[in-house]
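Engineer: Those protein sequence lines, which keep their order, are chains A and B.
For the first sequence, the working numbering gives the first residue as 17, with consecutive numbering after it.
For the second sequence, the working numbering gives the first residue as 23, with consecutive numbering after it.
Hints are computed from structural coordinates only; laboratory data are not their basis.
Take the hints with a grain of salt, since some may be wrong.
[Stated by the list, open to error] When the alpha-carbon atoms are kept at most 27 Å apart in a straight line, the in silico DSS-like pairs for lysine-lysine are as follows: (1) Lys299(A) x Lys266(B); (2) Lys43(B) x Lys289(A); (3) Lys251(B) x Lys268(B); (4) Lys251(B) x Lys299(A); (5) Lys55(B) x Lys289(A); (6) Lys218(B) x Lys130(B); (7) Lys266(B) x Lys326(A); (8) Lys299(A) x Lys228(A); (9) Lys251(B) x Lys289(A); (10) Lys43(B) x Lys251(B); (11) Lys77(B) x Lys220(B); (12) Lys251(B) x Lys266(B); (13) Lys77(B) x Lys210(B); (14) Lys77(B) x Lys130(B); (15) Lys55(B) x Lys268(B); (16) Lys77(B) x Lys168(B); (17) Lys326(A) x Lys55(B); (18) Lys130(B) x Lys220(B); (19) Lys226(A) x Lys168(B); (20) Lys216(B) x Lys55(B); (21) Lys55(B) x Lys266(B); (22) Lys55(B) x Lys210(B); (23) Lys220(B) x Lys210(B); (24) Lys326(A) x Lys226(A); (25) Lys326(A) x Lys228(A); (26) Lys43(B) x Lys55(B); (27) Lys268(B) x Lys289(A); (28) Lys226(A) x Lys299(A); (29) Lys299(A) x Lys218(B); (30) Lys299(A) x Lys326(A); (31) Lys220(B) x Lys126(B); (32) Lys168(B) x Lys210(B); (33) Lys289(A) x Lys210(B).
[Stated by the list, open to error] If you want the ones that stay clear, here's a sample from chain A, every Cβ over 10 Å from chain B, calculated: (34) Arg40; (35) Leu45; (36) Ser57; (37) Asp60; (38) Ala67; (39) Asp101; (40) Ala122.
All values reported here derive from a predicted model rather than from experimental measurement.
Just so you know, even glycine gets a beta-carbon here, dropped at the ideal spot from N, CA and C.
Take a look at the letters that make up each chain.
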Amino acid sequence: MKSVLIVAEHDGSALNPSTAKTVRCAQALAADSIDVAVFGSGIDAVAAQAARLNGVNRVLSVDRAENAHPLAAVIAPQVAALAPDYRYVFGPSTTFGKDVMPRVAALLGVGQISDIMEVLSADTFQRPIYAGNAIVTVRAPADGPIVATVRVASFRAVAEDGSASVETATTDATLPTHTRFVELQSDTGDRPDLQVANVVVSGGRGVGSKEKFDLLYALADRIGAGVGASRAAVDAGYVPNDMQVGQTGKIISPNLYLAFGISGAIQHLTGIKDAGTIVAVNKDPDAPIFEIADIGLVGDLFAVIPELEKQFGG
Amino acid sequence: MEKIMVCLKRVVDYNVRIRVKPDQSGVVTEGVKMSINPFDEIALEEALRLREQGKATEVLVVTIGSADCQQQLRTGLAMGADRAVLIESDHDVEPLAAARILLKMIEKENPDLALLGKQAIDDDCNQTAQMLAALWDRPQATFASKLEVNDGSLRVTREVDAGLEVIDVDLPAVVSSDLRLNEPRYVKLPDIMKAKKKSIETIAIDSFGVDTTPAFAVTEYAAPPVRGKGIMVDDVAGLVDALKEKGFSL
Ligand SMILES: Cc1cc2nc3c(=O)[nH]c(=O)nc-3n(C[C@H](O)[C@H](O)[C@H](O)COP(=O)(O)OP(=O)(O)OC[C@H]3O[C@@H](n4cnc5c(N)ncnc54)[C@H](O)[C@@H]3O)c2cc1C
Ligand SMILES: Nc1ncnc2c1ncn2[C@@H]1O[C@H](COP(=O)(O)O)[C@@H](O)[C@H]1O
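If we strip away everything but chain A, and leave its shape as in the complex, we get (with noise of 0.2 Å):
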C-alpha cells in the first residue's frame, strides 16, 4: 500500500491553490494512488474542483456543520482516523497546512517533514533550515504514516483537466468543542493572491505610510500584479499582515517581484527565492537586496513609481 491523501484547503466555495500544487509533489512520490479529502460544510463544488485536479485518483468530501470552518483541533482527528490507509499524508505549507498536519502527525504517533521542497525518493526529500540558509536532506523512517507539509512555493499547480470521482466521507472520530471560530477578519481586494500572482509589487519601511503605499497599489493595478510587503511595513501599518512576505510572512515565487523601500534583510528575501526576476529600487546604493537583485536601480521610489506607471501598460 503506497497511495497518498491530501488535505485539501479551501475557503468554502474554491479550493486555494496549494492544494493543486501538494498535488504536484504528490505525484514524485510514484505513489499507487492520490486521494484528496476535503472537510467543510457545505462544499460540493470544492469537492467537485478538486475532482478536477490532474493526478488525483478519489475525492473523500467530509461534509459536516462542525467542519466549517478550518480548526485545526476539529479536522485533525479526521484526517488521523482516515490516515490509516494511507503511506502519506499531505497538506500544503501554508497556515492551515501548518496549523493541521502537525496535530495530524502526533495523533498518529509519528513525527512530521515539514516544507517538502524536493520528493528525491519514496522516503527522502529536501527541506529548508535557518530560514533557508541550509537545504537538508530527511529521510523517513520505514514504517508508519509520511505526514508532512509541501512547501508551495517549490511546485507548479497541476492542471484542473482530471475527472476523479467523489466519495462521501464520514468518521467516528469525537469532535472537540473547546476551540469555537468567531471570525476572520480580510481585507484583501481583489488583486491576485500572492501566492499564485505572476508579478508581485512590494514595498518596504521606505514607502513610509500607509497612504503613500496607494503608488504601490496604483502601479500593481496598472499591470494586473498582486502586492506584498516587507515585515517592518506590516507593523509600522502601513499595510495588513496578510500581505507579508519572507520567513514569517508568506513565501512567494512569481516571474516578477518588484521591490521598492525594502533593504533585503535575510528574512525578507526568504520569501523571495524563488522568483523569477526581482527587480529592487533602493535610495541606498549598499542596501543588500541589491546584491540578489536581477535588476538593480538606485533611486526615490517616489520619483521612481510615477515614471515606471507612465511607461508600463501605457
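Guided by the hints, dock chain B with the ligands onto chain A, whose structure is given.
Structural biologist: Positioned in the frame of chain A, the structure of chain B with the ligands alone reads:
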C-alpha cells in the same frame, strides 16, 4: 489563570549569517552567538504581561537542551520569569519528542496555559505547539498576534494567510506566538544580577521514560543555490529596457 508554562529553545541568534560546514555534516555553530528563539522571547513577554496585569500568578520557563541552555534560562529569569527548569539532553530532540517531554512537564506542573513560539528559527519546523496540544488533547491557537483572557477561555487573534482569524479556546490551552504579539522588553542590568541568584532546576531527560531517539535521518546539509548578482541600471528607461530583454512586456 494561575500558572503559565513558557517553552524556550536555545538557537543560533537570528543575526548570525548561517554557513554550512564544508563537509556538509551540519551548519557552523561553534563560536556563534546563541539566543532565546525570538518567538519564544515574545511568548515569555506575553506571559509576563499577563502576570503583571494580574491575569496569571506564576510564570515558569522550560527548556530542553544541553547544560549551555542555562544561559537562556537566566535571560528568561532576568526578564521576569518566576522559575526555570532545564530538561537536560545531550542530543537534539525532534518536535514530537519535545512535545512528549513537555506533556510530562504539564502533567507535573498543571499550567493553565502553555505558551510556545510558532517556530524555532533553527529547524523551522513549526510543529511542537500543535503536537503538544494534540497529545494533551487540548485546544491550540497557533500564530497568535493578540490574546484576551476571559472567564475560563482565551480569545486569540491568529495571523493566517487570509488575514486575521479570531477563535475562542477553553483553558487549559496551547498558544504559539507570532511576531506581532508584542515587543519583548530589554533586560536591565540589575535584573541580570538578581537572576544570577535564582536557581535553575535541572531534570535529566531520561528520567521521563520517553524515547527521544531521532526518528528521521538527516543525511546531508547543503548550502542553498545562490542567486547570482544581476545588473544595475541608471534610470527608469534602463529598467524598462532590462525588463524587456528578459521578456517582460508590462
Ligand atoms: C524572526 C524574524 C522573522 C522575520 N520575518 C520577516 C518576514 O517574514 N518578512 C520581512 O520582510 N521581514 C522579516 N523580519 C524583519 C527583517 O529582519 C527586517 O527588519 C525587515 O525585513 C526590514 O523591512 P524593510 O526592508 O522594509 O525596512 P528597512 O530595513 O528599514 O529598509 C527600508 C529601506 O528603504 C529604503 N528607502 C527609504 N526611503 C526610500 C525612498 N524614498 N526610495 C527608495 N528607497 C528608500 C532604505 O534605503 C532602506 O534600505 C523578521 C525578523 C525576525 C527577527
Ligand atoms: N528543545 C526545546 N525546548 C523548549 N522548547 C522548545 C524546544 N523545541 C521547541 N520548543 C518550543 O516549540 C516551538 C516551536 O518549535 P519547532 O516546532 O521546532 O519549530 C519553539 O518556539 C519553542 O517554544
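Engineer: Mind listing which of the numbered hints don't hold for this structure, in increasing order?
Structural biologist: 15, 17, 21, 29, 33 and 40
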